[in-house]
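Enquirer: Each chain is listed here by its residues.
There are 2 protein chains.
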Amino acid sequence: MKFVIIGGDAAGMSAASRAKRKDPQMDVTVLERTMDVSYSACGMPYNIADPGRNMDDLIVRKAEVFREKNKINLLTGHRVDNIDRDAKRVSGVTFDNQEFSYSYDKLLIATGAVPAIPEIPGANLPGVMALKSLEQGRAIKAYISSNGIKKAVIIGMGYIGLEMCEALRARDIDVTMVKPGPTFLPWMTPTLADVVKKELEDNQVNLLCGCNITKIEPGRDRALTIHCQAANGKGDKEQEISEAGEKKLDAGMVIVASGVIPCSDIAIAAGIETGIQNAISVDRTLKTSDENIYAAGDCADAYHVVTGKKCWIPLALRANRAGWAVADTVCGAETELQGVAGTAVFKVFDLQVARTGLSMKEALDAGFDAVEETVQTRSKAHGHPGAGTIHVSMVGDRKSGRLLGVQMVGKDGVAHRINAPAVALHAKMSVADFIQTDLAYAPPFGPVWDPVLTAANQLVKLI
Amino acid sequence: MKFVIIGGDAAGMSAASRAKRKDPQMDVTVLERTMDVSYSACGMPYNIADPGRNMDDLIVRKAEVFREKNKINLLTGHRVDNIDRDAKRVSGVTFDNQEFSYSYDKLLIATGAVPAIPEIPGANLPGVMALKSLEQGRAIKAYISSNGIKKAVIIGMGYIGLEMCEALRARDIDVTMVKPGPTFLPWMTPTLADVVKKELEDNQVNLLCGCNITKIEPGRDRALTIHCQAANGKGDKEQEISEAGEKKLDAGMVIVASGVIPCSDIAIAAGIETGIQNAISVDRTLKTSDENIYAAGDCADAYHVVTGKKCWIPLALRANRAGWAVADTVCGAETELQGVAGTAVFKVFDLQVARTGLSMKEALDAGFDAVEETVQTRSKAHGHPGAGTIHVSMVGDRKSGRLLGVQMVGKDGVAHRINAPAVALHAKMSVADFIQTDLAYAPPFGPVWDPVLTAANQLVKLI
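Just so you know, the sequences run in chain order A and B.
Each residue of the first sequence is one higher than the one before, starting from 1 at the first, in UniProt numbering.
Each residue of the second sequence is one higher than the one before, starting from 1 at the first, in UniProt numbering.
Honestly, the hints are just simulated from the structure, not real lab data.
Some clues are possibly wrong.
DSBU-like cross-link-like pairs, simulated, lysine-lysine; straight-line CA separation at most 35 Å [to be verified]: (1) Lys197/A with Lys411/B; (2) Lys399/A with Lys287/B; (3) Lys62/A with Lys461/B; (4) Lys411/A with Lys197/B; (5) Lys428/A with Lys310/A.
Some chain A residues flagged as far from chain B (calculated, every beta-carbon gap over 10 Å) [stated by the list, open to error]: (6) Glu68; (7) Lys71; (8) Glu119; (9) Pro126; (10) Pro218; (11) Arg220; (12) Asp290; (13) Arg417; (14) His426; (15) Tyr441; (16) Ala442.
All C-beta atoms, glycine included, are put in the ideal place defined by N, C-alpha and C.
Work out the full structure, taking the sequences as your base and the hints as a guide.
Expert: Written out as structure tokens, the structure reads:
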């Protein structure tokens, strides 16, 4: 059995390792475009924040180990350009321009996602940088040090933009964040989004929502001038630009963090079906429209456990899990994944921001008779010192009574608290049943009624 | 409708407040033995730890507020001694020896639990103290200060004993903990119990397992001499006493923390059925064997969501929840509680110790074909600084595949992590389904595979 994997990050290396563990005789080849495999991509902003840390600390396992210990035929610097489905063969060129081609019995496409680069004149200037691969992480970190960056503009205000914002502020760099959409964290309920926005402002981050970048111009000494324009005049109150009409920002670097797009080009070229947001369509066994080809990780779609419909939510745990599932299936134990709940957490300065399931808007869009309740609770018991505030927003379905989603913001005790409602979403629990769950209590860790239970106690009144 | 409640702590005051909120016309009387109502009993050890804090900070709502704002006929210093079920009337005496009697249509017994005081000669000496009521908390705190306590012995090594141990060490008091049983934290899997034991030893706590206290003798200046003897020679290696045969400990005070027993005496005297550990037997609506009498809180039993059988696990959240449920039922909306999972967390020095569901022994005793797996994982992502170790033990049923219980110990990220498996227990999830849950990941908060998923990934191999 020849098992060929395109892409050596989370999904690809998980699949390769597991396949060799389950079937040491299997011929497993991984073709990775870059020179890096198996690193903690999500750790890059935190590494960039600290000039004393080496970016290679993020490498979980070195390529040599995969080759020597796991006996995986791991080929870095191998860019696959073509999948010949009839011949069951992939081909491409190496970093030193050698052509290669490999035949497969089963193929896994684990090509991940790449940053969406907006078409802005000047987007290819030195100092305009995106963060996805370890190579890009190294480049950003080196650029900050070697150019003594003091000011930066971040395009986009998603997870990566916010994490990079914190990283740059930790290095005492002035940060302005810019996005075309009028609303800061549009997927978040406004009360909670305001808490996050305030945390950014308290950390001297300048936010420009509803603002297009029209061009980036080079100046002296690698300085950049970023030209902004109000986007349809729909910016919210933070949008200084909408009053001024146009604005120029000076910065030493620009981080492009306007989201990612699935790397599905070679799949599309080979006639493999794609769907939502151009991600590769897979069934619950991660199989594509070609029965010998699987897709896993950020390039593939998934079923959402709440809606039952396809979604594209590229996150690390799913990638690892999907890699394992494909390996199990290829090794003969067909494995299905139930789906994703879109559970995510990020840190922005002292705040923990977490979500699982559907937002109010997503729930309405999916056809639920959705209602939402937002509560504020203390993070520790009454009378216990050092308590902060936890904001919880919970969405339920009036018709079925089901819990649909939770969002949470606070300075302590948010990150792991989101997992209880995440499990409830998998179990398709009603809000009324969730209220009955026996959660842990001790004064240093929370109030008697956990914040998620307090939110559910309020929400159930609306259902 | 006359709704009478015996006991003004978590269950009693929750029921009273909710009943008046739902039905402002209802005649609600609360008869509380002590002078305190509605305080955070679990917060007392943390308050005792800090001489600068007032014990009254733990009072959530004052008696006057319940009387004036909530219009509850709240009578403190009223000890109920008798329930006349035929006449539907309770009677007793007040703190100033006045007899009283009240008739009821519905009665709630919410008398809580009291510390089990072992029958030891000298147990009634000044300086031998237990912690349950706020009055007892005040007394302990005052005794430490006014007697300049430097050494203490704690009898018992359960939650309260361990929390008191930390509180006393915070006040620089030497602590020796003594228990008759040979095993430290017998409900905990040994690997994890050893981690907790080491934390205590690192904080200079002297542990004597397998050791009976035979008598306590008074000395000069309120000093106490505690006489210990090996208990059946079964002590483990920590048991210095088993070699010495007998041992004398000197201390300024003795804290009795050898567990609690339900306050079911007046219920028993009235012929109301009790069951497991003498707790009052209730159905899922908290109704006792008398259809007009309910019981809630630490005096009542509960169904366990994993075994489906009766259990007695006195914890604060259940008490609050049961109080509400009784109020709802009494107000006409019959409400059932699904049961408890025994989810609990406590802090001991820098460690967080949590559990939910069944231990391996409890699972075997309950007739499951139980298997257990224990893993060690990092508390943060690979390459993220400041990570500690999280130890997770997970129990599953080989026959049904069900998740049965989880225990966890670590310095960060344990307290709220236990809630995800707790919800899974309510949903009667299999280990295989739990593995599929989409939990949150970000490098500052954990590895890609959450520790509970890593444990489940290992456990499923045994199922």
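Enquirer: Output the numbers, in ascending order, of every earlier hint that fails for this structure.
Expert: 13, 14, 15, 16
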